[in-house]
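Engineer: Since the structure of chain X is provided, determine the placement of chains A, Z, L, F and V on it from the hints.
Here the protein sequences come in this chain order: X, A, Z, L, F and V. When the letters of the first sequence are read in order and numbered with this note's numbering, they come out as residues 325 to 485. When the letters of the second sequence are read in order and numbered with this note's numbering, they come out as residues 325 to 485. When the letters of the third sequence are read in order and numbered with this note's numbering, they come out as residues 325 to 485. When the letters of the fourth sequence are read in order and numbered with this note's numbering, they come out as residues 325 to 485. When the letters of the fifth sequence are read in order and numbered with this note's numbering, they come out as residues 325 to 485. When the letters of the sixth sequence are read in order and numbered with this note's numbering, they come out as residues 325 to 485.
Simulated from the structure, these hints should not be mistaken for lab results. If you're wondering where the values come from, they're calculated on a predicted model, not measured in any experiment. Honestly, I wouldn't trust all of these hints.
Note that identical chains are pooled: a pair holds if it fits in a single copy or bridges any two copies.
What the hints assert, rightly or not - No more than 30 Å apart at the CA atoms, straight line, and that leaves these computed lysine-lysine pairs for DSSO-like:
#	residue 1	residue 2
1	Lys345	Lys420
2	Lys420	Lys432
3	Lys362	Lys477
4	Lys345	Lys362
5	Lys362	Lys420
Now for the letters of each chain:
6 protein chains.
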Amino acid sequence: MKKLTHLNEQGRAKMVDISEKQETVRTAHAISSILVSKEVYEKITSSQVKKGDVLSVAQVAGIMAAKRTADIIPMCHPIALKAVDIQFEWKCDENKYELMIHSFVKTKGSTGVEMEALTAASVCALTVYDMCKAIDKGMVIGQTYLMEKTGGKSGDFRREL
Amino acid sequence: MKKLTHLNEQGRAKMVDISEKQETVRTAHAISSILVSKEVYEKITSSQVKKGDVLSVAQVAGIMAAKRTADIIPMCHPIALKAVDIQFEWKCDENKYELMIHSFVKTKGSTGVEMEALTAASVCALTVYDMCKAIDKGMVIGQTYLMEKTGGKSGDFRREL
Amino acid sequence: MKKLTHLNEQGRAKMVDISEKQETVRTAHAISSILVSKEVYEKITSSQVKKGDVLSVAQVAGIMAAKRTADIIPMCHPIALKAVDIQFEWKCDENKYELMIHSFVKTKGSTGVEMEALTAASVCALTVYDMCKAIDKGMVIGQTYLMEKTGGKSGDFRREL
Amino acid sequence: MKKLTHLNEQGRAKMVDISEKQETVRTAHAISSILVSKEVYEKITSSQVKKGDVLSVAQVAGIMAAKRTADIIPMCHPIALKAVDIQFEWKCDENKYELMIHSFVKTKGSTGVEMEALTAASVCALTVYDMCKAIDKGMVIGQTYLMEKTGGKSGDFRREL
Amino acid sequence: MKKLTHLNEQGRAKMVDISEKQETVRTAHAISSILVSKEVYEKITSSQVKKGDVLSVAQVAGIMAAKRTADIIPMCHPIALKAVDIQFEWKCDENKYELMIHSFVKTKGSTGVEMEALTAASVCALTVYDMCKAIDKGMVIGQTYLMEKTGGKSGDFRREL
Amino acid sequence: MKKLTHLNEQGRAKMVDISEKQETVRTAHAISSILVSKEVYEKITSSQVKKGDVLSVAQVAGIMAAKRTADIIPMCHPIALKAVDIQFEWKCDENKYELMIHSFVKTKGSTGVEMEALTAASVCALTVYDMCKAIDKGMVIGQTYLMEKTGGKSGDFRREL
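Excised from the complex, chain X in its bound form (with noise of 0.2 Å):
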């Protein structure tokens, strides 16, 4: 049966021995997403024309913070990071405007980037609430999943939907 690998002997967490583990690639995709009105909507995907926009403060910040994981979550293990990827999409619906965010993470290593991925989508969302804030505080960032993930010794998953 399945246990909770980050506990050691006297019940304390710990950070997990991989170092048996195979370095193979492996990739990991999260989504997150931001619901915004439509006057954040507007303000955002207008100033998409000019340079500096808030999508690329947001993507930018994911990218940082993809690489910063093991520095943020505690039993993390460091992990030399090969790619790094984040995409947008609205998802626009009578009076619903939905950003989603999608991370793709690769690396070449003994652990995977599940991790990565979606502190990569999380810290995307929560910039664009902090960059969008003075307009409106009640944006709410949906659900933040992982959507599939390759390689490594547990096999791949994909979530379905």
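Structural biologist: Chains A, Z, L, F and V only, in chain X's frame:
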């Protein structure tokens, strides 16, 4: 009309000038959550009687992240936080196990602490995911939002549910 | 006669005592630049019409570095920055393409923000180099210097050109 | 009766509220040491006449660590340090070579700087170990403790030896 | 004869070249401790039955510090840690209450992890001090030293007690 | 034709995929400088006979910055540096006092270390400025550029002077 205050005259992001704002006590309360399976729920709650449980680690991570918010969110001002607290509450309901995460942040400074509270709650949820993902990668981080803020010129905010 | 205030009585470096200095508004304006080839110039300027261009990333990096100055420069005091802005200007002249980088930093504190402005400008230039080095490794970061500072007991400074 | 102020009502750690505490000048003096072999002693002291010696590096490390204390110690409040100084003193006695490390930290803020002084002294000792461990891994970092603190409501403290 | 490998030809510190060293499994076990009063001992041990106790927080701090060692100790090489564990043991003896702190670090890399283990143990002790200092500022962090290391060309080391 | 590899298909920045690149030894040599007044020159060089001089601190700062490059430059990949060295050389000439700063960085990895070398040299120059600015704020950081790189698929590069 409100505008994106984070943009400079070249249309690029900037860290807005708060040197004229007054130093007052400001608080923020943010909420996040994580939806887990029954198995994860049982692991977390049974380990709570032990030292070093999942929620302790998550909560330390959240507090440390609150302090590092200005280092993670590009346009956030550095603020000397005066208090950070994180509290948990389970909402269980017919095979739905949701851990509610409440973060409370306080400062005496010239800008608000909404981002610090949101970042603390997000990182707390991410850490729970990290420590339980060996059991189930399908956990979902729920909506993350500002519940309340007080202090500052823009006035108080309280989310209507 | 002026002396190196950073040395203690054992002749070693120290972080000098500023606890008696007054909290006043202080600003600094620093300049750096990067000399690029025509090809790089064209890539950067043509991508400016798109979102997420080179200069956006560089500018986010500069702002984040300004906030982290006391963590990078050993004897710098931590200062709560109140505003950071970075602006760009091209100086093109017969096959010479120079991107001028202006950083503006402001605080209300007990020491100046010269180092924050210089660090922001330097990191901004380094980031442009990073993002364009696949095209040309021969780019040169130009002179980096303090243009102006105001506030503080040592008085204002303005570089004569 | 005194209690562990770091625990919240759920029995978990929190960063205690200091928003009501007064901003006053506070100082702390901490001590650590490292016991080294005669060989290491001679290497360190002979290189002191050169630039870039072991103690210079250790002392820079200690000063930088003082500034990063709130990032390393989970429940520490971020404090804008106003002065940090580190001084060394050899206590040699019949084949016992002990480098005494004194750290002095000062702030003007709403909480004390004991942790900053202790962290600076510890990191200073660790850095000496790091730079000399190629010669001898048997070095021992001696007792680390607070020698004195001044300022703040809890009053002054001075260790009796 | 052994020499200070950290010095370059100008007599200054450098990060020594390890590019030719083999990637092998390396472990280190370091020890620190903290001497506390009876009152502090009782607070810590009685809160151990609760979630979020002092030792949990200290241990998370130690693990996070291990990962950040190369960022804290100037000449340390960055190493991808593969496992970190921290364990506690009380040694009580006639009004002497000493918490022994054992850190275990493992990597598969081209240099050892002694500094990571020592840093983890030190930061763990500092965090216990921080969380209990409201009760007693007279606590003393005991000797901190390397107990054992394995792997690497310089061979194994085991401290004789 | 070469293109800005840092842009994703949405025209935004990304951290490019290097998971297919081979792990080989790679080196980089970068140069920066700082032009100082005669007075600053004399202070720096006279303090060189003492321990803890300006250049020691600058060099420690440069080495630490090299290790933190991926945390400062947004699209840089994290790389485990294997060696960092910084050397100084004065070029004095009729009231012109220029401190040349040479940084040498080495890794065994899947991408080059140009940015690490450039960042080390820049931060080194910034630190000299910081430690001497009480004497003269008019110092100028000179051109900063890559002198040489070896290793990697794109081949060697050597600047022609």
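Engineer: The structure should be examined with respect to each hint, and the outcome stated for every one.
Structural biologist: So, going through the hints one by one against the coordinates:
| no. | hint | result |
| --- | --- | --- |
| 1 | Lys345 - Lys420 | neither (45 Å within a copy, 34 Å between copies) |
| 2 | Lys420 - Lys432 | neither (39 Å within a copy, 36 Å between copies) |
| 3 | Lys362 - Lys477 | between (45 Å within a copy, 24 Å between copies) |
| 4 | Lys345 - Lys362 | between (48 Å within a copy, 29 Å between copies) |
| 5 | Lys362 - Lys420 | within (8 Å within a copy, 32 Å between copies) |
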